[in-house]
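Asker: Sequence:
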Amino acid sequence: MDIISQVKKITREAIANLYRTEIEETSIQVNETKPEFEGDYTVVLFSFVKLLKKSPEILGNELGGYFVQNHPSLFSSSNVIKGFLNLSISDKYWISFLQKNFSDNNFGKKEKTNHRVMVEYSSPNTNKPLHMGHLRNNFLGWSVAEIYKANGYDVVKTCIANDRGIHICKSMVAWLQFANGATPESTGMKGDHFVGDYYVKFGNEYKKQTDELIAGGMSKEEAEKEAPIMKAAQQMLVDWEAGKPDVIALWKKMNGWVYKGFDETYKRIGSDFDKIYYESDTYILGKNLVAEGLNKGVFFQKEDGSVWIDLTAEGLDQKIVQRKDGTAVYITQDIGLAVNKYEEFKNELSIYVVGDEQNYHFKVLKLICQKMGFPSADGIFHLSYGMVELPSGRMKTREGTVVDADDLVDEMVAIAQQHTEELGKVKDFTEDELKELYDTIGLGALKFYLVRVDPKKRMIFNPEESIDFHGFTGPFVQYTHARIRSILRKEKIGENNAILNQASLLKLEKEVIRELEKYHAIIVQACEEMNPSVIANYAFGVAKIFNSFYSEHSIANAETAEKKQLRLQLANFTAIVIKSAMELLGIKVPERM
RNA sequence: GGUCCGGUAGCUCAGUUGGAUAGAGCAACAGCCUUCUAAGCUGUGGGUCAUUGGUUCGAAUCCAAUCCGGAUCACCA
1 MDIISQVKKI TREAIANLYR TEIEETSIQV NETKPEFEGD YTVVLFSFVK
51 LLKKSPEILG NELGGYFVQN HPSLFSSSNV IKGFLNLSIS DKYWISFLQK
101 NFSDNNFGKK EKTNHRVMVE YSSPNTNKPL HMGHLRNNFL GWSVAEIYKA
151 NGYDVVKTCI ANDRGIHICK SMVAWLQFAN GATPESTGMK GDHFVGDYYV
201 KFGNEYKKQT DELIAGGMSK EEAEKEAPIM KAAQQMLVDW EAGKPDVIAL
251 WKKMNGWVYK GFDETYKRIG SDFDKIYYES DTYILGKNLV AEGLNKGVFF
301 QKEDGSVWID LTAEGLDQKI VQRKDGTAVY ITQDIGLAVN KYEEFKNELS
351 IYVVGDEQNY HFKVLKLICQ KMGFPSADGI FHLSYGMVEL PSGRMKTREG
401 TVVDADDLVD EMVAIAQQHT EELGKVKDFT EDELKELYDT IGLGALKFYL
451 VRVDPKKRMI FNPEESIDFH GFTGPFVQYT HARIRSILRK EKIGENNAIL
501 NQASLLKLEK EVIRELEKYH AIIVQACEEM NPSVIANYAF GVAKIFNSFY
551 SEHSIANAET AEKKQLRLQL ANFTAIVIKS AMELLGIKVP ERM
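Using the numbering used here, you'd call the opening residue of the first sequence number 1 and step up by one each time.
These are computed hints drawn from the structure, not numbers from a lab. All of these numbers come straight from a predicted model, not from anything done at the bench. Even glycine gets a Cβ: it sits at the ideal position worked out from N, Cα and C. One thing to keep in mind: the hints can contain errors.
[Unchecked claim] Capping the alpha-carbon separation at 30 Å, the derived lysine-lysine pairs in DSS-like fashion look like this: (1) K110 to K544; (2) K110 to K267; (3) K50 to K9.
[Said to hold, decoys possible] Computed beta-carbon distance windows for the label pairs: (4) K53 to Q358: 33 to 39 Å; (5) A16 to N61: 17 to 23 Å; (6) E303 to E226: 19 to 25 Å; (7) T397 to E226: 19 to 25 Å; (8) K425 to K100: 33 to 39 Å; (9) N288 to D310: 29 to 35 Å; (10) E464 to G216: 32 to 38 Å; (11) E25 to K302: 54 to 60 Å; (12) N180 to K456: 44 to 50 Å; (13) N462 to Q235: 40 to 46 Å; (14) K207 to D239: 56 to 62 Å; (15) M387 to I81: 25 to 31 Å; (16) K456 to T26: 23 to 29 Å.
With the hints as constraints, model all of the structure from the sequences given.
Answerer: As structure tokens, this is what we get:
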């Protein structure tokens, strides 16, 4: 049990024993003691003052006495300032804690249970390459999955490929009209970028055609409906759903190009999935469920044949679930997918990592599933994250300000290489080792940068700031790890712990241990909040306090043999926790850098 | 217009769910490499926590109103 939980438990116990009063542990507030006061943890007394009719002073002294008397192996002393009871943990406790855990690679993680969670993330459209926003999504989703694993859950990582629909037809139509049979092979392009170019071409041609129609006297709305290339795309969607062979063949060919490109990117950024769903499979099930919902009276049909759900009673609007031409809309397939997932995995929680622009969509999806009476409905959770913007504002396809994922990764790795070469610390590395190191650092910097911010908040990607490898960054944490490993390659950690029994701790030694002790609580918190930034902030905190310790005290040349052993254990423990925390973020840590 | 989200140092972000004098990083300035990796460490300056009112022992945190920014309310996905 972590110390804060123990303090709460003992506080409850003390109040029960001293005052014959039962209180809830959740009503007890325990903080880390502010550095300007003496102590490690602080119990806030104000809330009990009224209940127990005692002054904070007396209450604090009585409770403090109870702590030290009844749990002397844990608490060495206490003091009361205003309404705060400050407790000092004994050095002995810290040292035995260190000895017990310093080589435990699973420290902080929970035992496996059979609770199953599904995390869906990435979910690309197969008509254009991944961009920076997808990277935030991938890193978040992957990390949340790892955090759940660390909390003992059985995790299924999934991805839905949005591989059909009007947007896919757009790039297909444009390819037919403009490509003259060109392929990724014939042009030497990565497949996803190749197809993306035709999606852009569609947009340009569409704009040209609507402009011409408007110039010819048509209204804007009418022109947008009547543009021949749009009509061609809509017809293609109908043909696709009808299974027209040449359309299906083209669709398979172009999607194949895209997947090949995606595979490369996913491999590069270290993203993977246990199960990939395809919208082209789930939309049929969605359409069947629409028919079922129509029978149940959950949905209703308008005169033109389109199918809707009325959510005005829930404070929302009417929402279309199937077009008048019978084709599926976006939410149709999501209804099918929700059922599909649950039938296959019986997961109690289904997390969707999707941008906050779709908050409304997921509210509607959950409501529909609940009204349909699906057993999976209540477990649907939308992990909504904010958009990634540039200092100049939102990324816009039309203005060409979209930051491409592949380009960004290349750039970060190149900067990692440049810094590494300038510092010249790994001149003896082989080509392969260097390449791996550049990837580790470049991707580490990128991932950390995107994951260190609270997911809920939209964030600004500042290119200049992102290439800084100092301070609150991935490379800073990686560097701390490399430094420790460097020492541990030269020095042996002894087997005999008994010699440490009489040791006392210096301020910085204790602060490092105290920080490490928090790791378990951090893992729990990150899971409860579904928030990897909790881990990122913590990893940085560990590295920072260790670096202070490192520069102040020598490990290899410690004052005594006992101190050397203690500090080697401390260093080893720190390296393990850094490595473990960074792994939860999908970031590797190097042995040298 | 309805609904939802946000506003903390010049910039980017924390703030343990209501606790002590609001913290980091970057940027600026001043120091520290004959000692385990200086991608590091130490110090200085920098704040009307958007505004106003309320709730109470105590508010950046909770409530209300206002201002500012964003998202969404499509037979796009």
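Asker: Okay, which hints does this one fail, numbers in order?
Answerer: 4, 9, 10, 14, 15
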